[in-house]
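Let's have the full structure, built from the sequences with the hints guiding it.
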Amino acid sequence: MKKIIRVRNLDYIYPDGTKAIKGIDLDIFNHESVGLIGPNGAGKSTLLLHLNGILKGRQGSVEILGMKVEEKNLIKIRQKVAIVFQQPDDQLFMPTVFDDVAFGPINAGYSKEKVREEVKEALKEVRMENYEKRCSHHLSFGEKKRISLATVLSMQPEVLILDEPTSNLDPRARRHLMKLLKNLTLTKIVAGHDLELILETCQRVILLDEGKIVANGGAKKILSNKSLVESHGLEVPLSLKHR
Amino acid sequence: MHLPEIDKFAHLKSFLHSWDPRVKIISISILILSIVLLQDLRVAFLGLALVIILVFLSKIPFSFVFVHLKWVLFFVLALFVVISLTVPGSLLVRLSFLSISQEGVKLSLLISLRAISAALLIFPMIGTTRFNLTLKALQKIKIPDKLIQLLMFTYRYIFLFLDEEKRILIGANSRGWVRKTNLSSLKTMGNLVGMLLVHSFERTERIRDAMVSRGYNGRLKILDEFTLSPKDFIKASLIIALALLLNLSRWMR
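Read top to bottom, the protein sequences are chains A and B.
Every letter in the first sequence is one number past the one before it in the numbering used here, and letter 123, counting from 1, is 154.
Every letter in the second sequence is one number past the one before it in the numbering used here, and letter 236, counting from 1, is 269.
Calculated from the structure, these hints are not laboratory results.
Check each hint, because a few of them may be wrong.
[Stated by the list, open to error] Only part of the chain B face toward chain A is listed, based on derived beta-carbon distances under 8 Å:
| hint | residue |
| --- | --- |
| 1 | L171 |
| 2 | M185 |
| 3 | F186 |
| 4 | L195 |
| 5 | R239 |
| 6 | A243 |
| 7 | M244 |
| 8 | V245 |
| 9 | R247 |
| 10 | G251 |
| 11 | L256 |
Because the structure is a prediction, the values reported are computed rather than measured.
Where is the CB? At the ideal position from N, CA and C, for every residue including glycine.
Structure representation (structure tokens):
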């Protein structure tokens, strides 16, 4: 299988001296769905920000589709790797839904027609076709989450990264989002504490704690390992407990 | 909660609503400039009357205009009092040790009329177009990008800021805090404002990450959707003619 992401010996220290990532090695393959789990402060979000070049490690390397994450490749990498952040209000910063969904394609230099086409397609994919002219601040939280997803799908990325995609969603909105994610065939990395979602949408799980990978393997195998998940501040998902 | 939406009535239909935002902003800005340059009190009254007619034609309800104008009116009132009392000239009224001059009243009236007219013109100019289109129009007429981004983020996040303020106040009230004018209350207010600023700063970092991850490089790129028609130029000619006519008397002296 084609390797999409290659991380080697990655270290990251925050300006206040906190060691967030310690010597991480990681490979992610084409069309894989990988769950990134771990307790709060494990380094999940920090690792994700390295995959798009927002953060740069103190040492080690990150390669996306064979391109090193460095200044000269950033424009291309940011088109290929899309991040949906935890808080949709941080992702939706433009005055209207159309402008937000069009933001990435315009920055990528698409023609006007292509931008309109991509916006239409992305909104259709998240089933929000008639929302183009709406203002983001008038949307419900669930709608904002779906529009956030559209803002990155419009860039036609090869890798989709979702940071806590279901946090604060009501059960119906969560189900909608889960269904949407399952239908997306691109390479996905889903970070968070919603282990049911990860079990349902990911084949592989990476368990991170204190900036290190402590387990990496099949989703069911890792998530059903009670002693492993509980020793890292997590719980076996209910659906696996009752089997 | 009351949201400060200046474009609440942008969906209505009037000759101002259908006007190309770029031409509208330039034309009305010229009218504002001409009004603030007026020197004659009678012409300033005429200017205010014309502006009120424009607001009426924009179909924006006067109740909405007044709610948003009240802070300007407070400011103008303060200015009116100060100028009336401080400009020397022939005595009009004496109240104890305070004296009001005719020249002072005339000047404060002139300044007040100009300020109210200029503030009122914001409504037909900005309130008849969706705010996102106003921003695009400003970008098209080469207003500096940084200023447009500042306006855009202010408008987008003011709602969140107000929500956050409300949450922080509820948190404080739920623990027995009541807003008073004593030192302890002011200290708490200071802490609350500080927390709001910290939250806002953290949010700006997250927004920056979201923007950078979608290819932002410091310049805001927006698709424009404008087309000019002869009608836009006719409307512009009318407004600019009005602006010139108001100042005609000054030039003819």
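Tested hints:
no. : hint : verdict
1   : L171 : violated, 12 Å
2   : M185 : holds, 6 Å
3   : F186 : holds, 7 Å
4   : L195 : violated, 10 Å
5   : R239 : holds, 4 Å
6   : A243 : holds, 5 Å
7   : M244 : holds, 7 Å
8   : V245 : holds, 6 Å
9   : R247 : holds, 4 Å
10  : G251 : violated, 11 Å
11  : L256 : holds, 6 Å
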